[in-house]
Amino acid sequence: MGSVIEAKNLDLTFQTNDGPVHALKDVNLAIDKGEFVSFIGPSGCGKTTFLRCVAALETPTGGTLTVNGMTPDEARRNRAYGYVFQAAGLYPWRTIAKNIKLPLEIMGYSAQEQEERVKNVLELVDLAGFGEKFPWQLSGGMQQRASIARALAFDADILLMDEPFGALDEIVRDHLNEQLLALWARTGKTIGFVTHSIPEAVYLSTKIVVMSPRPGRITDVIDSPLPKERPLDIRDTPEFIEVAHRVREGLRAGHEDDV
Amino acid sequence: MKQLVAVLTVLLAIVVIWYAACIPMNIKGVLTEQERAGAEVVPPSAKDRRDMGEIGLALRNSFAIPATWAQDRPRLPAPHQVAIELWETTVQKKITSKRSLVYHGWVTLSATILGFAIGTGLGILLAVGIVHSRVMDLSVMPWAIVSQTIPIIALAPMIIVVLYSIGIQGIIPKAVISAYLSFFPVVVGMVKGLRSPDAMQLDLLRTYNASNSQVFWKLRLPASMPYLFASLKIGIAASLVGAIVGELPTGAVAGLGARLLAGSYYGQTVQIWSALFAAAILAACLVGLLGLIERAVLKRMGMAQR
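Protein chains in written order, with UniProt numbering: chain V, 1 to 259; chain H, 1 to 306.
If we strip away everything but chain H, and leave its shape as in the complex, we get:
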């Protein structure tokens, strides 16, 4: 109960700050609209208003404040506007419609999942190699780290252009970018996890004359599971970011990234914000789903009680 109150308090504070922020952000646009509609605005000249502070303007024209929460194309849309847009573009639109966020979300989600699968598979393979081979440890790990220092926004267009030039387009380039972002946490987590058994555990298996593959399947892999899930949660969120970024430079017509881009082209801030929220909600659901799988797996393994 106490926790619920705390959570709701934070949520309420965010909403209040958001509504308050809408006033100075939108007041100038609102006053211009009101003036055109024939309302008495102080000061009456748009030229004078341009140099005035937003908060001062809002105080002098307090009648216009409600309008800052109801503009068609506000600089900053109010929470309820975003919520209504989200509702209309998910529940009330057919999912086949080009305006349905479910449709766009699915386009992005499919690339995310494909990229996440590639990234996770690649990450685990690299980690297995790194743990078993000193050469790979020395040669691959630095490149994996360097790869993450390049801003993905700079790299994404190049990946798309290169892949397009060899005839690959559609979902694959997006998945590649998303895999590029998600393999790294998996590599780091799995290397740590596969190395987590201590010297005593390894000595024990040595006294049994166990083979390397037995050490891997019976000790290293099970011991790495908690690390793997921690990495997967970071990885799937990174995958979603990758898929969205992959939609930006192509002028893609579908996907949450495409919605963001189209919204910014046409000044549809409400559309941008609702696409952002859709992405955030999607990411939260994916991480939550992984959390459930983690609990089930670790419980089944008998490791949940620790």
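So here's chain V without its partners, still in its complex pose:
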């Protein structure tokens, strides 16, 4: 089976006032259907930039990148993915249900279909009954769940998440991680997930991509040996700790030339 996302020798250089910045250098990666792939690394390692390239929000300056066998921009126009940003970014003038309808309105779903889909995804993210609330009436974690629901509302096979839980506290984060895994199991989507947190990456992923900065590049790709069923206390098992250790090593290796 072909890869859903495939990058070959991907390069991206930003021209800034302080000269060129090499955001991505020689990135090679293949993501298969149904994988949960985390991108981890320090600031400036290009993990968000890579995700934005996949979403056609940035244009690579070299190499090839395909999404569902298309160019990223074609994939964007085919609405191949849902994107979840670090902030929930819900419209304050729309209720939660109306916020989730936003992509559906833009994509021209019928009113009845919109209603059904909103109902389904609200249940999926455990927000049933909150549809008529305005965003400010919800906690930060609930808002982020609503934004995930918004990305799930249309039939994109790929879910791209850019540090979606970065602004939330540890306890809420654990809870949302658990829910996200359940959601992934139920929907079978391919997920690209950017994070700063080693435990989060190891807990969630089937594949962990470790990146390092200046220039942004991949230093290690780890296929997780953990089972698909993951209760929260899996984080205390030796396997988990071993994977976390390898991620940490990878991060350190990427930093050696810095010191």
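Where hints are given, some of them may not hold.
Some chain H residues flagged as far from chain V (calculated, every beta-carbon gap over 12 Å) [as the list claims (entries may be wrong)]: (1) Met-1; (2) Val-5; (3) Ile-14; (4) Asp-51; (5) Ile-65; (6) Gln-71; (7) Asp-72; (8) Gly-129; (9) Ile-159; (10) Tyr-164; (11) Lys-218; (12) Ile-272.
A few chain V residues that face chain H, going by a derived Cβ cut-off under 7 Å, partial list only [claimed, not checked]: (13) Leu-57; (14) Arg-76; (15) Arg-79; (16) Arg-217; (17) Pro-238; (18) Phe-240.
I should point out that these hints are in silico values taken from the structure, not numbers from a laboratory. Positions of the beta carbon are idealized from the N, C-alpha and C atoms, including for glycine.
Could you slot chain H onto chain V? The hints should help.
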């Protein structure tokens, strides 16, 4: 309650200062009237009084002080004189009367509203253009700013003359001047409002492959509403000023501006002050009305709680 006390204290201070100011402002005129009426005035000669300080005169002729608040044509009318004039020319006059401030107020208000509508429409259109087109941003915005550096009092007669020469008169020239003053705050506010969605919001819509018009109607326009209302409040007050200024250079026979002008021609200070107050009250009502509409709209949009 505390707020009410504060408000009343300020109001009281203004009234006291006003009454006090009437004494030196009006004392010379009062003494001349009193002298003609046969009262004993110190010093008796108008020539001597001319060079004396007003406060000194008032102290030496304290009997005349009450009269400074009751002249027919005072330099500075007392608050109650203005209030009585306002009452008589609004409530007690038929609104069809040429002396009714309601009639004159309506003449000015209609030009204000027409001008405000034109100015707001123009302002929003310009802002939409500026936000969507770099060329318009670079070419229109500087002119909009320059337009506001010209004193309207200098420009108003020219606008009226030019429009008259192509056969346009009546309410339109006044509305044009009032639109000229009110479009600017709307442009500035709406440009800021339409640009208020951050990069993330725009990226999100890009991932949905939304069209420019969808971005405008679903994101930019709703996001700009709080900015729009702030601008409208400034704009409507500016519109009223524009309509009044538009009445001044034409020798208009109706409108609050015409009342101001006629009052100054005939030394009717009470009439001038009551026209000024009528304008101020009108402006306050218009801004207050916009405030109510703003609250209702934002509440309906779910944005009032922020």
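Self-check item: Those earlier numbered hints the structure runs against, lowest number first
Solution: 11, 16, 17 and 18
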